[in-house]
Amino acid sequence: MSGALRISGAGRLSQAKTARFSFDGQSYAGIEGDTLASALLANGVHLVGRSFKYHRPRGILSAGAEEPNALVQIVRDDARKTPNVRATVQELYDGLAANSQNRWPSLSFDVGAVNDLASPMFSAGFYYKTFMWPKAAWKSLYEPKIREAAGLGVSPDRPDPDHYSSRYAHCDVLVLGGGAAGIAAALAAAETGVRVILADEQAQFGGSLRFESGARIDGQDGFAWAQAAIARLSAMSNVRVLPRTTAFGYYAQNFVGLVERVSDHLKAPGHDLPRERLWQVRAKRVVLASGAIERHMVFANNDRPGVMLAGAARTFLNHYGVAVGRNVGVYTANDSAYAAAIDLKKAGVNVATIVDLRDNPTGPVIDEARALGIEINFGRAVIRAGGKLRVSSMTVQPKNGGGERTIPVDAILMSAGWTPSVHLFSQSRGKVAFNDETKRFVPGTYAQDCVSVGACNGTDGLSASVDEAYASGAKAAKDAGAKAAKGAKPKVDASESWSRGMLGAAPGAGPDTTVKAFVDFQNDVTAKDIRQAVHEGMRSIEHVKRFTTNGMATDQGKTSNMHGLAIAAETLGKPIPEVGLTTFRAPYTPVTFGSIVSHARGPLFDPTRKTAIHPWAERQGAVFEDVGQWKRAWYFPRGGEDMHAAVDRECVGVRTNAGLFDASTLGKIEVVGPDAAKFMELLYTNPWEKLEPGRCRYGIMLREDGFIYDDGVVGRLAPDRFHVTTTTGGAPRVMNHMEDYLQTEFPHLNVWLTSITEQWAVIAVQGPKSRDIIAPLVEGIDMSDGALPHMSVREGKICGVPTRLFRMSFTGERGFEVNVPADYGQAVWEALWAEGQKHGATAYGTEAMHVLRAEKGYIIVGQDTDGTVTPDDAGLDWAVGKKKTDFVGIRGMKRPDLVAKGRKQLVGLKTKDPKVVLEEGAQIVEDPKQAIPMKMIGHVTSSYWSQNCGRSIALALVAGGRDRMGDTLYVPMPNGVIEVEVTGMVFFDETGGRLNG
Amino acid sequence: MLLIRCPYCEEERPELEFRNAGEAHIARSANIAGESDDDFEKFFFIRSNPKGIIYERWRHMHGCARFFNAVRDTVTDKFVMTYKAGEPKPSKLPGVAK
Amino acid sequence: MAKAAAKTATATSPSAERRPALAGRSTSATGVKVEVLPPAERMSLRAPEASLAALSKALGVTLPKQPKTSASKAGRTALWLGPDEWLVIDEAGKDPLADCAKVSALHSSVGISHRNVAIAVAGPAAEATVNSGCPQDLSLAAFPVGAASRTILGKVEIVLLRTAEDAFRVECWRSFSDYVFTFLSEGARDAAG
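Chains as they are written, first to last, in the working numbering: chain A, 13 to 1009; chain B, 1236 to 1333; chain C, 1103 to 1295.
Pulled out of the complex, with its shape left as it was, chain A reads as follows (with noise of 0.2 Å):
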């Protein structure tokens, strides 16, 4: 048996597919195609959580995704624990196992509902107002005890193994919602052949006509008809059905956002499929079906198990067959809730009482409840429930004061009328318009290509839904392109319609009590929060909100907005239009982090980018280090060498005999065309036209506010041709900045530019052996010194494929950059790597590149670098073209303020103690002894250990700091203050000897 409560011959699902099923541990059976919520309800559990601030006891308020009190941890294995699932979306499996959340030791004593007695204390504002000093003990001690009390479930707290996907997809039309507007205006733009996309958040489509029972459409029951609709536009080719899928943001340019939940309701889900799907769609054009939310009553202790709304009642009963109780009573201001009397009364439960607070309504639904024998109190009001862990009375009194009567009852079933859900028209930035004879919002003006249809725009009756769904289908097809359509439009033959409602408290919770009658379930706001918040000055309804925190929930408010706003303009004796709506953001229901980061996780996180030689250092046992999304080789440790002997033996080895170096990750671009060597002498400082090919030049390239932007070695090709190398991190922007002034400042010149980065492996042969190392391997190339001069270029061939072979030096040796075709690189390497091992060579990674740079005083641009320096403060004045007229950065760096004196300039730093290494960032000031905050001059840019220079090195930006030559300067540091001494540059052979060494 699934549940003492379930009404056999009542609602849809099989009794035959038992599903078993645990709750807070105990065990349970519930039938396939249950919820959570609604297998609980058969087996008579209400209880099913603690509320979030009063640790009071709650049940299930809704049917659907509004839910704000049935919140439950749902627990796959020890790494799958979901908090916050809502037991009324949650599909039942066989297995499941659900925890209520936010109660300790139990559910049914709780420790923390202390709260509940002491909840003067804690009134609106509370948190404000309390927790203001000392504050230091926000974070230290407020904060996480809050958090402790307050919680929302318990996050898992192992990486989650799940998978998630994503999928970007374009439509002609998007229906939102698959209640029968949603399926009726899907209907009508499928059938013009655009492509429709139809959501809907549910597991099976309907929407209302789940409970509607008096729904007849096409001659058939209601639900029946959505489910052969549906199976009808799942067959067509142009059409994309999408159940248990919510769209949770409504984006420009009718973007929306939604995820799939893929596998959360099967029992065991296979390995591939991915438990949630992100849909990015780009629609033409979107109709809105989101239908209206049920709210409820605002009394007295409405809140306790049991208390749920009417409509819920009836979806329980006509879809699940679960009957929430067994003598019922019913609160209601509109006629809805009639329906849900007859409906239970029908099937066999006892409806003790309709009591409602209005003073003389008509019509069929109350003349039928009537003709049931079913009592009905008019003008009364339910001022309190009673019960604790579960309603068990509800006491009535006339609206305008009276004698009190208790009726017992064991759930109370309440609707003070339907909200439409206007919440993706309002992120769609459409502006709402307050219907004054309706009292509720409906969509105004449109900001989008989209169109509100049914209940969510507040048309009220199904017939009245589907033709205007319908017709706005077809025309919403029509506008995004199609013909006519061919379909035939739903014919409504029964259906049901409701009457308004009441907005805000009922007689039984105000307007001077300080009973706890609530408006938001999630968050805990009563009806007295919200005056209190107008009492203590609110008058925005966005303070209000923010100060009771009402709507501010995971649930958004849906249940809770409108009665909060009508609280809060009644207190304040304005229209509810002129306090106006609190706007509606994304999501609409919570979204996943998996769902968001979707592939983007593991290997996918961001690409590792490795070069053609990477698999050589990797065997090698190289250490990489991230330079931007590349891996490159770092050191190459032997035999357990630590990174400082690995790299001492590589900067040693490098000038002893020769080095390998992978600098495939430097930026390349081809500057093609006859006009090349004039967009150079733009681009950069230097001048390029007289360059002769085959020839090299250390080129810098500058903002147009004169600092310092990129720098490389650029070769001529050919007169027509630039090979230009860039730092490795400013590849692409480079590229970015040079195009920009290409097409935008330049246009007129016959030149190109395409990135070649990836199309050379570059292999650096540096030391006093490379030509030896090279040259048998060289076909078609010169390599003496007078045809191959060092900043020289040529092509041909090296171990039988094309080179480019640079002769060029960062490490101030005689030098050889090797570029070959990147397929190639790693066997050139090699090839080099046996030809290197006759004459003693080592490879070399980037730690000993950047030393070998220093000891020659080789700048990189930032490091030593950090856009605040021009060439003068880096001394490489020399490479500014004086007879140009323009280049990017000609005005700019003479600014007053880049020609001033005392700028930082760069240069060389010797501490006084040669084993002392410097910290780069380390500040420099002239007195040590000075007060703090002292003046500080300048700062370490580059400090290494030299093992080839014997100490310590360190490059610096020092104010005036060419002037200082000689000088001693001080750098406090946490253990002691550092004597250093400005130097040049150069520290390791200064007359530049060895570059044909």
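Any given hint might turn out to be false.
Said to hold, decoys possible - In silico lysine-lysine, PhoX-like type, Cα no more than 20 Å apart, as pairs:
(1) Lys690/A with Lys895/A
(2) Lys1159/C with Lys1135/C
(3) Lys1167/C with Lys1319/B
(4) Lys1319/B with Lys443/A
(5) Lys643/A with Lys1257/C
(6) Lys358/A with Lys690/A
(7) Lys296/A with Lys29/A
(8) Lys922/A with Lys690/A
(9) Lys868/A with Lys906/A
(10) Lys296/A with Lys1277/B
(11) Lys702/A with Lys894/A
(12) Lys1175/C with Lys1159/C
(13) Lys690/A with Lys894/A
(14) Lys906/A with Lys1327/B
(15) Lys490/A with Lys296/A
Quick caveat, the hints were computed from the structure, so don't treat them as lab data.
Since chain A is already given, all that's left is putting chains B and C on it; use the hints.
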């Protein structure tokens, strides 16, 4: 994610393919080296930052790679129109009241 | 240098082994196969309108002028990437650079054979696989057979060419190929859904 019409690709493409490149129609002087400090300041540092219609540069970075100009409303975030680099500032904007 | 010359004079055929990135990798999922394609000759061609006739003649394929299109002949495909930019791919082993070298009309041709890696995505679920990370509308109406575009896949840039109703060629830079292949493999896992 916005849809942006690329005047070179002649269709609307997703924002992910584009990159904003700052305000448009700021001419770099042919004699920039001889500019006064004030003129250089205006050229390089001063931007209009209007509430409403803005003329700005975009690049179809991951598409045709062309820079182009766009007219956008900073209040609604809507693109009014786009046009090719080098074309003059449009004298009339479609659908925008003066 | 005599020693070097003597040694290299014998090296008439390539002695260095070509090791393409991801060579031979492939993966299959329901409705789709993702497969790294063999190396091809590639050229980045830049030219003004006036040079197109001469270049088309030299290349043996008419350079397309319409955005998002390509033209193909005898194993050589020219993809429109921008108003003055084409990616020329030759799968027949003939070098388009050599063909362009003879053209005197204004242009820029740069060899990029090794810069790019090509990955084929084929099968009924190919479109969904690419759409797992590409934001463009890839329906046949918007992106027909022969359509070509530089665009985005996940976090990287790709060039996308539709080679058949149910097949795409994805080109990316060499060091991004591992990311692109892995991304497409992930996308393929769920593409039939």
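So, going through the hints one by one against the coordinates:
Proposed proximity of Lys690/A and Lys895/A is supported: the alpha carbons are some 14 Å apart, at most 20 Å. Proposed proximity of Lys1159/C and Lys1135/C is contradicted: the alpha carbons are some 36 Å apart, above 20 Å. Distance hint between Lys1167/C and Lys1319/B is fulfilled; the C-alpha atoms sit about 17 Å from each other, no more than 20 Å. For the hint linking Lys1319/B to Lys443/A, the alpha-carbon distance of about 35 Å lies beyond 20 Å, and the restraint is violated.
Of the supplied pair hints, the one linking Lys643/A and Lys1257/C holds, its CA atoms being roughly 17 Å apart against a limit of 20 Å. A C-alpha spacing of about 91 Å is found between Lys358/A and Lys690/A, which places the hinted pair above 20 Å, so the restraint is violated. Using a Cα cut-off of 20 Å, the hinted pair Lys296/A and Lys29/A is violated, with the two alpha carbons roughly 42 Å apart. Among the hinted pairs, Lys922/A with Lys690/A is inconsistent with the structure: their alpha-carbon atoms are about 42 Å apart, more than 20 Å.
Using a Cα cut-off of 20 Å, the hinted pair Lys868/A and Lys906/A is violated, with the two alpha carbons roughly 29 Å apart. Between Lys296/A and Lys1277/B, the direct Cα distance comes to roughly 42 Å. Violation of the 20 Å bound is thereby established for this hinted pair. As the CA atoms of Lys702/A and Lys894/A are separated by approximately 14 Å, the hinted pair is consistent with the 20 Å bound. A threshold of 20 Å between alpha carbons decides the hint, and for Lys1175/C with Lys1159/C the separation of about 12 Å falls inside it, so the pair holds.
Of the pairs offered as hints, the one joining Lys690/A and Lys894/A holds, with about 16 Å between alpha carbons and a cut-off of 20 Å not exceeded. Only pairs whose Cα atoms come within 20 Å are accepted, and Lys906/A paired with Lys1327/B is rejected, the gap being roughly 40 Å. In summary, the hint linking Lys490/A to Lys296/A is supported, as the alpha carbons are separated by about 11 Å, within the 20 Å threshold.
Taken one by one, the earlier hints fail for this structure at numbers 2, 4, 6, 7, 8, 9, 10 and 14, listed in ascending order.
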